[in-house]
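4 protein chains.
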Amino acid sequence: MCRWMAYQGDVVYLESLLFEQEHSLVHQSLSAKKSEVTVNADGFGLGWYDERSEPGLYHEILPAWSDSNLKSLARHIKSGLFFAHVRASTGTATSRSNCHPFSYKNWLFMHNGQVGGYESIRYQLDRLIPESLYGERQGATDSEVIFLLMIANGLEQDPEQAIADTLAQILDLMKQKDIQEPLRFTSVVSNGDEMIAVRFSSDEQAPSLYCKAFDTHIVIGSEPLELSNQGWTLVPAGHLAKIKGNQYQIQALPDLMKLSA
Amino acid sequence: MCRWMAYQGDVVYLESLLFEQEHSLVHQSLSAKKSEVTVNADGFGLGWYDERSEPGLYHEILPAWSDSNLKSLARHIKSGLFFAHVRASTGTATSRSNCHPFSYKNWLFMHNGQVGGYESIRYQLDRLIPESLYGERQGATDSEVIFLLMIANGLEQDPEQAIADTLAQILDLMKQKDIQEPLRFTSVVSNGDEMIAVRFSSDEQAPSLYCKAFDTHIVIGSEPLELSNQGWTLVPAGHLAKIKGNQYQIQALPDLMKLSA
Amino acid sequence: MCRWMAYQGDVVYLESLLFEQEHSLVHQSLSAKKSEVTVNADGFGLGWYDERSEPGLYHEILPAWSDSNLKSLARHIKSGLFFAHVRASTGTATSRSNCHPFSYKNWLFMHNGQVGGYESIRYQLDRLIPESLYGERQGATDSEVIFLLMIANGLEQDPEQAIADTLAQILDLMKQKDIQEPLRFTSVVSNGDEMIAVRFSSDEQAPSLYCKAFDTHIVIGSEPLELSNQGWTLVPAGHLAKIKGNQYQIQALPDLMKLSA
Amino acid sequence: MCRWMAYQGDVVYLESLLFEQEHSLVHQSLSAKKSEVTVNADGFGLGWYDERSEPGLYHEILPAWSDSNLKSLARHIKSGLFFAHVRASTGTATSRSNCHPFSYKNWLFMHNGQVGGYESIRYQLDRLIPESLYGERQGATDSEVIFLLMIANGLEQDPEQAIADTLAQILDLMKQKDIQEPLRFTSVVSNGDEMIAVRFSSDEQAPSLYCKAFDTHIVIGSEPLELSNQGWTLVPAGHLAKIKGNQYQIQALPDLMKLSA
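Protein chains in written order, with numbering that gives the first Met the number 0: chain A, 0 to 260; chain B, 0 to 260; chain C, 0 to 260; chain D, 0 to 260.
Source of the hints: derived by calculation from the structure; they are not laboratory data.
All figures in this text were calculated on a predicted structure; none of them were measured in a lab.
Among the clues, some could well be false.
Remember, identical chains collapse to one label, so a pair may be satisfied in a single copy or spanning two.
Taking lysine to aspartate or glutamate and the DMTMM-like style, the derived pairs with C-alpha atoms no more than 20 Å apart in a straight line are [as the list claims (entries may be wrong)]:
| # | residue 1 | residue 2 |
| --- | --- | --- |
| 1 | K70 | E53 |
| 2 | K257 | E135 |
| 3 | K70 | E135 |
| 4 | K174 | E130 |
Start from the sequences and build out the full structure, keeping to the hints where you can.
Written out as structure tokens, the structure reads:
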């Protein structure tokens, strides 16, 4: 499983979250407590918003802890809304094209989880991408195709519904192929203004999703950034967290009944 | 444009062809004489046959001339049939998944050229890949999809016809989309036993393809490996060269009339 | 030979200099007009000043033109004083440790040129590095050892004299070993406040150094950033350019007579 | 701590040792049982002997488990004496120059351990390298300088004594600087004909070194290649194992009393 964190709040240097926390993502990438795969060394990525219309992106195939560029970039790049992701491949190659976050116009998306039986429905999933978006497909991961389907399903107009519709589409394909493995999906998406994080699984083991409001910012991610969980809210499975300004609210995924059917 | 060479003959160390020729592929990668793009520094690859059932593969995103591993591997790997390719990207990313040669079972394929208007027909091309082969699609290049279509069109049974049918398929799509740019295709494919190299373009400027028989081997490639062209046969456009044992023969592509229509 | 450019002036996005010039450094890296080596594809680097006390750094071993990160970083990083360098190795390995610019505290340094017979005096040069600075030696290049000697010779107190003393030290070693190849050195150094660029060679062929004052900034580099040389001043060999605020002045290197002796 | 294994015996494909063991080095690189550092993802390397006079070398900065080239190379390269190493950096950069094994003429060397207080005696250690060998220094690791000192101390004539003398030299420098951290050194060296593996530490915690004779070959390494330790001999600290043909013998390091003084 991958790990990720997203930050919204006062403008800070990225290093204050990426390196200076006792359980920062870079430290986590070396050893895992709450996830199944030991190491997150199959590439990493950053996405951040600033005054530009589209977010900045940095993808690297080295482990995060050994990339000297990351140390310097995190010391010099400031942002009030940024994403970071460390990858543990579930099969696809370690290449920059397969690193999160993925971007589209002013949107960023990243993901931890897996599409059960992905290799056996990749053909069908790719065929759901409309021609107008097909040029965006750069790699071969499940995460990228999920993001493109979210866009196709109206992410820009109604992100919550687009996410629910995309999960339903994938579950439907999995049912047609009689796939028994689960669809697990803990993700976050942003347009630069607000963030929507989702925790979902078709079985009982949704990957963890933690959220915490600090004085000047909110952090959400696959694991707490502190060794203690104190003050970190575990978002319930089947729910999403909407983060805007200094507030977050947790609500059920739209159409959750349908997804669980 | 990319450059490539293929060798068939007595077993030799790869370095004898890759480094020790006055106009070797590694030297060519630094400066071009006969091709349009100055530098071939967007990744390279090797494929070679030995006693194993499937060929060895080595792909790297560094320029060939600066990869210290290549020097050592070429000094220690021996083969009687091998491919080498230096890439100059026409747009897609520099990643190992996009490096030639591509492989499938005991087959190798590499390519120099371009599908005119590729981005506008990539959607249609990918949809021609049958479900059974779709899992082989790793990157986003035109070369890889051409190879998968060749397999779908019967490469294992009748390679010449499969190549011709694939070119016809692509030209047909290009016509439907009213693409004016040409389809250029200078390639080689092998099953480990024989090689078939093709020189084709839908316009008058097919990328060059040179062939030469030496005492103990045959070399075919996008450029001669000697600064002089002496003894190097330029394969005519619309033709293919079949290389088996110590012999090569040049013949017209099947259905050439149809392709030129 | 390498190529480089340095910018001082109004705060701009790096892309305005790195990509949006008709003869930008990234374009130059693909094909050279004024330098001897065709391609600058053996790594590149950026260094930039912002509000932090020490400069930001980004080093990469891929060719500059094919690094997708560089495109995004250059679109999102702003600076009023920055360095960029594209490398063509004269022998040492392509690794991040060997990429320019080099940094020390608030100082940046980058370089085009070569120490004649470097391999035969590397032993002596490294032994001139004082113990207190030796931990800074990361790679094996001549450029890095030159920078460390400049620091040892008082760069922080009197940069012009430190540069002249360092050149004298190296020339002295070369004389002791009876090296006939020249010492060529076109470089720039900054403390974040001003820049000092030097053009020097022990023979008649000092690598080029061009400078131009625009309305809001000054650019200095190994080549003009425009295809026309109009308005670009060629700094004479044996001279340095001091750039502070919106002004530059050109003067002879200290002790030039001694260096030419 | 790093991990490594060395093989001597019948010619085999490298994959039979690197991938097909239940506790192979590539599996080990993902999770450690007996060593302190969790992950060995800071580069890896191979060295192998064949008919060439000097060994083949392959170094990569990616984690071993995610390098697609390694899978293919290990399937196609055969050897009767080879080294493999997975690195966990104790501070120096992840670059190919810093990856083991190191080579010199027909010699290979690799190492697990650390020179206590290395940064504070690196200056002195580098100055012990004779001028004739100094050109071999490519990186900045303690391992590389140890190997160069071993050569300077007569590795080619009397490897056991050269190793002991080198350890004594380093311990002497550490004593002069009053370094309290230990010198730990579990290594193997070969000339292509025999292997000498050493297990040493100046404190009580020498890194493990296991050896096992199979019917047709001998394996020695930092950990057993089987989950069970059965049949694996733990070489005692302060001892070396000499492996030649199908035999190994364990004996005390020369001058061990002096080293422990």
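Hint check results:
no.	hint	result
1	K70 - E53	between (23 Å within a copy, 13 Å between copies)
2	K257 - E135	neither (29 Å within a copy, 34 Å between copies)
3	K70 - E135	between (29 Å within a copy, 17 Å between copies)
4	K174 - E130	between (25 Å within a copy, 18 Å between copies)
Checked against the numbered hints listed earlier, the structure breaks hint 2 alone; every other hint is satisfied.
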